[in-house]
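K.L.:
Chains A and B supply the protein sequences, listed in that same order.
Residues 1 to 113, numbered by this note's numbering, are exactly what the first sequence covers, in order.
Residues 114 to 224, numbered by this note's numbering, are exactly what the second sequence covers, in order.
It is possible that some hints are incorrect.
[Said to hold, decoys possible] Just the calculated beta-carbon pair ranges, DEER-fashion:
1. B/Gly-114 with A/Arg-109: 18 to 24 angstroms
2. B/Lys-165 with A/Lys-22: 33 to 39 angstroms
3. A/Pro-69 with B/Arg-180: 42 to 48 angstroms
4. A/Ser-38 with B/Ser-223: 23 to 29 angstroms
5. B/Glu-189 with A/Thr-2: 29 to 35 angstroms
6. B/Glu-128 with A/Gly-28: 37 to 43 angstroms
7. A/Glu-52 with B/Glu-189: 37 to 43 angstroms
8. A/Glu-52 with B/Tyr-143: 26 to 32 angstroms
9. A/Ser-72 with B/Glu-121: 36 to 42 angstroms
10. A/His-26 with B/Ser-223: 34 to 40 angstroms
11. B/Pro-123 with A/His-79: 33 to 39 angstroms
12. B/Ser-223 with A/Pro-69: 42 to 48 angstroms
13. B/Ser-223 with A/Gly-28: 39 to 45 angstroms
14. B/Ala-166 with A/His-77: 39 to 45 angstroms
[Stated by the list, open to error] List of simulated lysine-lysine pairs, DSSO-like, C-alpha gap at most 30 angstroms:
15. B/Lys-169 with B/Lys-190
16. B/Lys-181 with A/Lys-22
17. B/Lys-216 with A/Lys-22
18. B/Lys-173 with B/Lys-190
19. B/Lys-162 with A/Lys-36
20. A/Lys-18 with A/Lys-41
21. B/Lys-173 with A/Lys-40
22. B/Lys-216 with A/Lys-41
23. B/Lys-169 with A/Lys-19
24. A/Lys-36 with A/Lys-19
25. A/Lys-22 with B/Lys-169
26. A/Lys-40 with B/Lys-162
27. B/Lys-181 with B/Lys-216
28. B/Lys-181 with B/Lys-169
29. B/Lys-216 with A/Lys-40
30. A/Lys-36 with A/Lys-22
31. B/Lys-162 with B/Lys-181
32. A/Lys-18 with A/Lys-36
33. A/Lys-40 with A/Lys-19
34. A/Lys-41 with B/Lys-190
35. B/Lys-181 with A/Lys-41
36. B/Lys-162 with B/Lys-173
37. A/Lys-40 with A/Lys-22
38. A/Lys-41 with A/Lys-19
39. B/Lys-181 with B/Lys-165
40. B/Lys-216 with B/Lys-162
The set of hints was computed from the structure by calculation and includes no laboratory data.
Glycine included, C-beta positions come from ideal geometry on N, C-alpha and C.
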Amino acid sequence: ETGVTQTPRHLVMGMTNKKSLKCEQHLGHNAMYWYKQSAKKPLELMFVYSLEERVENNSVPSRFSPECPNSSHLFLHLHTLQPEDSALYLCASSQDHGGDEQFFGPGTRLTVL
Amino acid sequence: GNSVTQMEGPVTLSEEAFLTINCTYTATGYPSLFWYVQYPGEGLQLLLKATKADDKGSNKGFEATYRKETTSFHLEKGSVQVSDSAVYFCALNSGYSTLTFGKGTMLLVSP
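Given these sequences and hints, build the entire structure.
P.N.:
Right, dumping it as structure tokens:
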């Protein structure tokens, strides 16, 4: 595998479910990011990790819980989501936090029923 | 703070037409500027970038010039193809924070 991979690619869940999104980067980067992309809205940065430490948390509801166990893996744990949380969730990485080029994964299309 | 403004879409063109997608920005310091492209069902990919004033980024026939005096970074292509249909995002990085993206402009190219 090369680049940034995300699993699953599609996820449908009920509001009471608990699920996790996974991201893995094979680029040797030190920073990883979660973004939310909703229809007709700008890309929203959710979380930033640098060297496995969270450095940014942009007012994201607590029903989204990130985890970065090492510099290659990033998770987004989901629980008691709302229908308005349905979106494409994109993971990205860059060499360092604040580094100019980010590499994106293909995204997980999440539908909350 | 930093911000990026892109023209609203969708932009609809016939194959081989000339493309311009406007992008202007406000930023502190001297930002790097980027165009990302998102094809249907995929994540964003870096299309081109420019790191200082008057630099021209280019890739796959697309070009954009970093204009500090007009704070602009317009994307152009001389002859678009159906395969260029995608959403294009202008973005900046001022070096002190993560990327700031515009809202994206959808391009639809018909045969």
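K.L.:
Each of the hints needs a verdict: does it hold here or not?
P.N.:
Hints, one by one, checked against the model:
1. B/Gly-114 with A/Arg-109: 18 to 24 angstroms: At 30 angstroms between Cβs, range violated.
2. B/Lys-165 with A/Lys-22: 33 to 39 angstroms: For B/Lys-165 and A/Lys-22 the Cβ distance comes to about 38 angstroms; the hint holds.
3. A/Pro-69 with B/Arg-180: 42 to 48 angstroms: holds, 43 angstroms
4. A/Ser-38 with B/Ser-223: 23 to 29 angstroms: holds, 27 angstroms
5. B/Glu-189 with A/Thr-2: 29 to 35 angstroms: holds, 30 angstroms
6. B/Glu-128 with A/Gly-28: 37 to 43 angstroms: Holds, since B/Glu-128 and A/Gly-28 (Cβ atoms, about 40 angstroms apart) stay within the stated range.
7. A/Glu-52 with B/Glu-189: 37 to 43 angstroms: holds, 41 angstroms
8. A/Glu-52 with B/Tyr-143: 26 to 32 angstroms: holds, 30 angstroms
9. A/Ser-72 with B/Glu-121: 36 to 42 angstroms: holds, 38 angstroms
10. A/His-26 with B/Ser-223: 34 to 40 angstroms: holds, 37 angstroms
11. B/Pro-123 with A/His-79: 33 to 39 angstroms: At 36 angstroms between Cβs, range holds.
12. B/Ser-223 with A/Pro-69: 42 to 48 angstroms: holds, 47 angstroms
13. B/Ser-223 with A/Gly-28: 39 to 45 angstroms: holds, 42 angstroms
14. B/Ala-166 with A/His-77: 39 to 45 angstroms: holds, 43 angstroms
15. B/Lys-169 with B/Lys-190: Roughly 13 angstroms separates the two Cα atoms, so the pair holds.
16. B/Lys-181 with A/Lys-22: Roughly 40 angstroms between the alpha carbons, so the hint for B/Lys-181 and A/Lys-22 is violated.
17. B/Lys-216 with A/Lys-22: holds, 25 angstroms
18. B/Lys-173 with B/Lys-190: holds, 9 angstroms
19. B/Lys-162 with A/Lys-36: holds, 23 angstroms
20. A/Lys-18 with A/Lys-41: It holds: about 26 angstroms lies between the C-alpha atoms, which stays within 30 angstroms.
21. B/Lys-173 with A/Lys-40: holds, 27 angstroms
22. B/Lys-216 with A/Lys-41: holds, 6 angstroms
23. B/Lys-169 with A/Lys-19: Cα-Cα ~44 angstroms, so violated.
24. A/Lys-36 with A/Lys-19: Cα-Cα ~16 angstroms, so holds.
25. A/Lys-22 with B/Lys-169: violated, 36 angstroms
26. A/Lys-40 with B/Lys-162: holds, 25 angstroms
27. B/Lys-181 with B/Lys-216: The hint holds at about 21 angstroms.
28. B/Lys-181 with B/Lys-169: Roughly 12 angstroms between the alpha carbons, so the hint for B/Lys-181 and B/Lys-169 holds.
29. B/Lys-216 with A/Lys-40: Given pair B/Lys-216, A/Lys-40 holds - Cα atoms ~8 angstroms apart, limit 30 angstroms.
30. A/Lys-36 with A/Lys-22: Between A/Lys-36 and A/Lys-22 the Cα gap is close to 14 angstroms, so the pair holds against 30 angstroms.
31. B/Lys-162 with B/Lys-181: Distance of about 14 angstroms is within 30 angstroms: holds.
32. A/Lys-18 with A/Lys-36: Judged against 30 angstroms, a Cα distance of about 18 angstroms means the pair holds.
33. A/Lys-40 with A/Lys-19: holds, 26 angstroms
34. A/Lys-41 with B/Lys-190: Holds: A/Lys-41 and B/Lys-190 sit about 26 angstroms apart, inside 30 angstroms.
35. B/Lys-181 with A/Lys-41: Within the cut-off at roughly 27 angstroms; holds.
36. B/Lys-162 with B/Lys-173: At roughly 13 angstroms apart (the allowed maximum being 30 angstroms), B/Lys-173 and B/Lys-162 satisfy the hint.
37. A/Lys-40 with A/Lys-22: Cα-Cα ~25 angstroms, so holds.
38. A/Lys-41 with A/Lys-19: holds, 24 angstroms
39. B/Lys-181 with B/Lys-165: Between B/Lys-181 and B/Lys-165 the Cα gap is close to 8 angstroms, so the pair holds against 30 angstroms.
40. B/Lys-216 with B/Lys-162: holds, 18 angstroms
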